[in-house]
Amino acid sequence: MEITGADFVRGLALLGAGLAMGLGAIGPGVGEGYAAGKACEAIGRKPEEAGLLTRTMLVGQAVSESTGIYSLVVALLLMFVVK
Amino acid sequence: MAWEQIEWVKAASGLGAGLSVGFAAIGAAIGEGYAAGKANQTLSYRPGVSGEILKTMLVGQAVAETAGIFGLVIAMLMLFSPAAGKPVLTGWAYLGAGLSMGLSAIGCGIGAGLPAGSACTGIGRQPRASGQLTTLMLIGAGVAQSTAIYGFLIALLLLFKSLPEAMNWVAACTLLGAGFAMGFGGIGPGIGEGIAAQNAVTSIARNPENTGLMTRTMLVGQAVAESTGIYSLVIALLLVLST
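Chains B and Y, in that order, are what the protein sequence lines are. Here the working numbering = 1-based position in the first sequence + 59. Here the working numbering = 1-based position in the second sequence + 16.
All the given hints hold, so there is nothing to weed out.
In silico contact screen, one side only, chain Y against chain B (beta carbon under 10 angstroms); selected entries:
| # | residue |
| --- | --- |
| 1 | Phe196 |
| 2 | Gly199 |
| 3 | Val217 |
| 4 | Ala221 |
| 5 | Ser258 |
To be clear, the hints were calculated from the coordinates, so they are not data collected in a lab. Just so you know, even glycine gets a beta-carbon here, dropped at the ideal spot from N, CA and C.
Sequences and hints are given; from them, build the entire structure.
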């Protein structure tokens with residue numbers, strides 16, 4: 060198997076894209092789920108504050124989502140920009 | 017390293033099958049063990065509702081087991097497909113399929129076990145709400161399974177893709193990268209959605225009249241937690257379909 064330098068770089072960039080998106084998705088998934096879980100617990104205690112709690116949950120999840128979006132951007136850069 | 021094509025494909029199918037069923041077993045077993053532990057803990061102070069708790073525990077464990085069964089199916093497909101005449105890249109596709117299925121099943125097994133455990137505790141607290149608790153547990157655990165289903169989908173795409181005959185380093189890395197993207201990407205959403213479902217089930221055990229509100233809140237939260245799983249699916253699909 061002949062691997063040219065450019066092929067080697069391109070191949071590892073694609074592997075890196077997979078690792079970036081894969082590992083990057085773990086944290087936001089767990090964190091957003093934790094936020095959702097605690098919001099459910101809080102609404103269970105105080106159902107009349109459901110609107111406030113849902114809003115707060117979504118704001119917190121949006122912040123926690125940001126690293127997932129960084130991973131997505133980096134993965135797309137590695138796939139389509141690194142040649 | 018002078019391997020014959022067929023030996024490499026066989027070796028990769030063995031390794032891929034091991035990755036698939038081995039990692040998948042981690043999650044399913046942890047999730048089921050958590051459900052069983054919570055069921056036993058509840059029975060220690062509520063022996064009267066043992067039938068109901070046992071039934072809920074088994075239903076919840078069956079949902080958690082599905083991720084493990086997906087891993088087993090992918091492993092069997094790899095082990096029992098003939099290796100003769102397959103291109104060398106098939107081996108790399110097998111490794112990617114094993115990673116995609118195995119790793120994504122870790123999160124979903126754990127995630128499906130968490131609501132099962134809290135449903136058992138909840139039935140001990142409110143035996144009359146057991147129907148609502150079981151329904152919400154099944155909805156929550158079903159949503160938590162979704163990333164394992166994405167992993168299964170990517171694994172099947174990798175297994176049955178027609179690949180070019182010649183070895184190609186870029187294509188090999190692409191196939192492996194798709195497996196990593198979907199596999200690791202499935203862990204987090206699975207666990208996170210499980211935590212959301214766990215707390216939602218605990219809450220309706222405390223306050224069964226809130227079932228509608230709680231189901232809605234849980235689904236909104238899980239939908240947001242799912243987003244990174246969907247990004248991973250998109251990246252994995254782009255990688256698989258580009259070879």
